[in-house]
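There are 2 protein chains.
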Amino acid sequence: MSSSAAFAYSSASVASLPPSAEAIAAVTAALAAMLGNRLVTSLAVRQQHGHTLTWIPNQPPDAVVYPHSTEEVSEIVKLCSAHRVPVIAFGTGTSLEGHVNAPYGGVCVDMSQMKRILAVHGEDLDCVVEAGVTRKELNEHLRDQGLFFPIDPGADASIGGMAATRASGTNAVRYGTMKDNVLALTAVMADGSIVRTSTRARKTSAGYDLTRLLVGSEGTLGIITEITLKLHGIPEAISAGVCPFPSVQAACDATIVTIQSGLPVARIELLDDVMIRGVNIYSKLGLPETTMLFVEFHGSEAGVKEQAERFGEIAADCGGGPFDWATKAEDRSKLWQARHDAYWAARSLRPGAESVATDVCVPISRLAECVEETKRDIAESGLIAPIAGHVGDGNFHTQPLVDQADPDEMARCQGFIDRLVKRALAMGGTCTGEHGVGQKKIKYLEAEHGAPALAVMQTLKRALDPLNILNPGKILPM
Amino acid sequence: MSSSAAFAYSSASVASLPPSAEAIAAVTAALAAMLGNRLVTSLAVRQQHGHTLTWIPNQPPDAVVYPHSTEEVSEIVKLCSAHRVPVIAFGTGTSLEGHVNAPYGGVCVDMSQMKRILAVHGEDLDCVVEAGVTRKELNEHLRDQGLFFPIDPGADASIGGMAATRASGTNAVRYGTMKDNVLALTAVMADGSIVRTSTRARKTSAGYDLTRLLVGSEGTLGIITEITLKLHGIPEAISAGVCPFPSVQAACDATIVTIQSGLPVARIELLDDVMIRGVNIYSKLGLPETTMLFVEFHGSEAGVKEQAERFGEIAADCGGGPFDWATKAEDRSKLWQARHDAYWAARSLRPGAESVATDVCVPISRLAECVEETKRDIAESGLIAPIAGHVGDGNFHTQPLVDQADPDEMARCQGFIDRLVKRALAMGGTCTGEHGVGQKKIKYLEAEHGAPALAVMQTLKRALDPLNILNPGKILPM
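Residue numbers (the working numbering), protein chains in the order written: chain A, 1 to 478; chain B, 1 to 478.
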């Protein structure tokens, strides 16, 4: 027995072609009149905006603009809509999968001059910022008030970009991702309308969750201009430490027990032996070159001490240790600086090589198996690829270091990434835990979500951006 | 200067008319062939499904079906789509704003026979359940494994219904709402397609967040059939207590300081003097009839003790106390049973009267002011309306007890609710923190979200349900 519905979702995309030279000329002239020298068309600036931390070739936009307000962004989008010219929102250019490149040309909207912190509500633990504010700028501003914003993707990304890619990072195990920490957004939609998605209330059931629809949409459904964020009080006490393990399995076991026992660990990061070698070189540390967990605890003085002691016991039970922990701010900073510099530390393992980002996330019960298989695959593929992972969430990155001029090596690297993603999906995981889809992950989406879910995503995109002017060529297959 | 985009979102809705008698007859005959005695058309059963805990008159569907699988739900939706017959998903019927009434008739899909717990993954702290499993059934099943599912809206609601209304309740201050605790969904969309929205990975940036689009969509975008939920380990220690305060302001001040200082309180509930009177009557307690906070702490033995002591200090600093706390399970159960019975306790204040639900949520800094103004408004309106609130989130409910046969009293009650919502919106809040929109909150959505956001919601609805067969007449204006 099988019936047919009266209609079916279509998986068709709206084709996007590079705009005509006439359209670009018309839009550029109008933008120059509107923005004066905040419209830039020099090749150098366009190329700066056409290539971020990615191994995709440069794809420059036709022009770059620097708006100062949501209303200006709205006018820019209306103009581009009228002329069918692509509009690409740009934060700090630290995305990793070709999110902000302009494969169809168009106008890059650089948000770096929208940097106002519009409000900080200490009693409500929230703030309202413009999209161009970076996470470090925000935390600098908040420090005096005893508040902080926890999401920490490593790079000093803009809050707008972090929302657009659903970013997370080392603190997500305790504080969640951007999905969990954005209360509301102001966004400019494809028709130029200015939408406020929610209020400052901590929770709501008032209709469709437009906030979460835009978070992670990578500028393809709307351009985020203002963000209302949850904040947290700076913990009374913080302690951090490092713990060596004899194997990835042992480190993952310790992670699982830590999470399962409800220990509210703020960070729990795995670095494999190869990555530790890079960290030792780059950050001049003398860590044992084996699998390590970097951990951090937030709480009261007594609470942090209790957490650290219990973690030490868990680590020992799993065959790891000794757990070396530090409550001094300088020691902690040095440790986490080294963790955050892992990207550069990895690159120091093969000077001159290009770095390729990967980003799978699996249920934590499968993590050890996934990492071990991946390490074997790296060895068999003849690649150098250190591993770092936000293991409390089951998320890890390998970072193959490749010579882009060597087609054989590039083919081996691509084959490795395809197998890595396939492995993660087979274990119930995702092709991207926190980097986003951009251009390079598009081909994995159907395998991850299935054709019906992908058709729903295409339906949403066609409904909200029928002319396909918002960051075309990203997230969804064209 | 103002440009015009090439298109604009329309706020038009798709009109829905009651289906023709022929369409109903055709669908009913086909469903009878498919489901046998799992199709019911008796008036008593239809009326049971046309009137839940709401003061909206009964609006029965034309038929009620009891599917056993996602595939059956898909066939039902395809059939209804082919004949343009409304489809209304039904959980336990504990929603409060007319969510499951059938104003346009159609087929009610009662999920109560989809009750399988499909998987519990202890190491990953997640599980997969069918939509008809209730939260108490799930927790009963999990208890032996040392796990629990924290979301607790009071009623023993179905997990599917809780996801559909973005429910929360007393534990949300610590564990979040359904938005935060659903990892993935299986849903049947308006074209009958079966969509799996995400994986079991703890986080992902792989495309649009279909999970959060469906959570809170009240059956208007898809019918949720399976849910993957985050779980938590049962805390090693739990303690709970009650604390009297001289005023709402003092209780709210204590709440703000508690949250701000990062005390990980699991529950913090305000009951006003009127509600306490009802609780004393209904639950045979002898609490002082003043504003009270009910609190609960989860953690290690030492952690819980530390939290309770600090809360006691904070309460005293704010003029409250003495804080009376209990670690014995029986005492805790009695206390929280009384809190959960507040709905019935309130009704005991005016036997025979109807109870009306309200559900605003404001930034916590405005909570005391909002509650105090609301209490004055209750007095001036000549209503009996006790107050209970999940004050850690800024969410509170007043519960006017009215004689529905008295038009003057009903008019006063409606006027009071309109002012309550307006007051919350003016303070940066929402018209519904956790109950959802259903039918009764539709009229407030434009004031809350603005016309552009409402047009986006209408655009999403038209795109995903172009025939408007999924729970028509709910959430969005027709």
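Heads up, a few of these hints could be off.
With a Cα cut of at most 27 angstroms, we get these calculated DSS-like pairs of lysine-lysine [as the list claims (entries may be wrong)]:
id : chain 1 : residue 1 : chain 2 : residue 2
1  : A       : 115       : A       : 230
2  : A       : 375       : A       : 284
3  : A       : 136       : A       : 334
4  : B       : 334       : B       : 136
5  : B       : 230       : A       : 230
6  : B       : 422       : B       : 443
7  : A       : 305       : B       : 305
8  : B       : 422       : A       : 230
9  : A       : 375       : A       : 136
10 : B       : 136       : B       : 328
11 : A       : 422       : B       : 334
Per label pair, the in silico range of CB-to-CB distance [claimed, not checked]:
id : chain 1 : residue 1 : chain 2 : residue 2 : range
12 : B       : 422       : A       : 143       : 34 to 42 angstroms
13 : B       : 384       : A       : 309       : 48 to 56 angstroms
14 : A       : 451       : B       : 119       : 43 to 51 angstroms
15 : B       : 25        : A       : 7         : 21 to 29 angstroms
16 : B       : 238       : A       : 115       : 43 to 51 angstroms
17 : A       : 71        : B       : 44        : 36 to 44 angstroms
18 : A       : 7         : B       : 478       : 41 to 49 angstroms
Just so you know, these hints were derived from the structure itself, not from any lab. Just so it is clear, CB atoms sit at the ideal spot from N, CA and C, and this is done for glycine as well.
Against the structure, test the hints numbered earlier, and report the numbers of the ones violated in rising order.
-> The structure conflicts with hints 9, 11, 14, 17 and 18, although it agrees with all the remaining ones.
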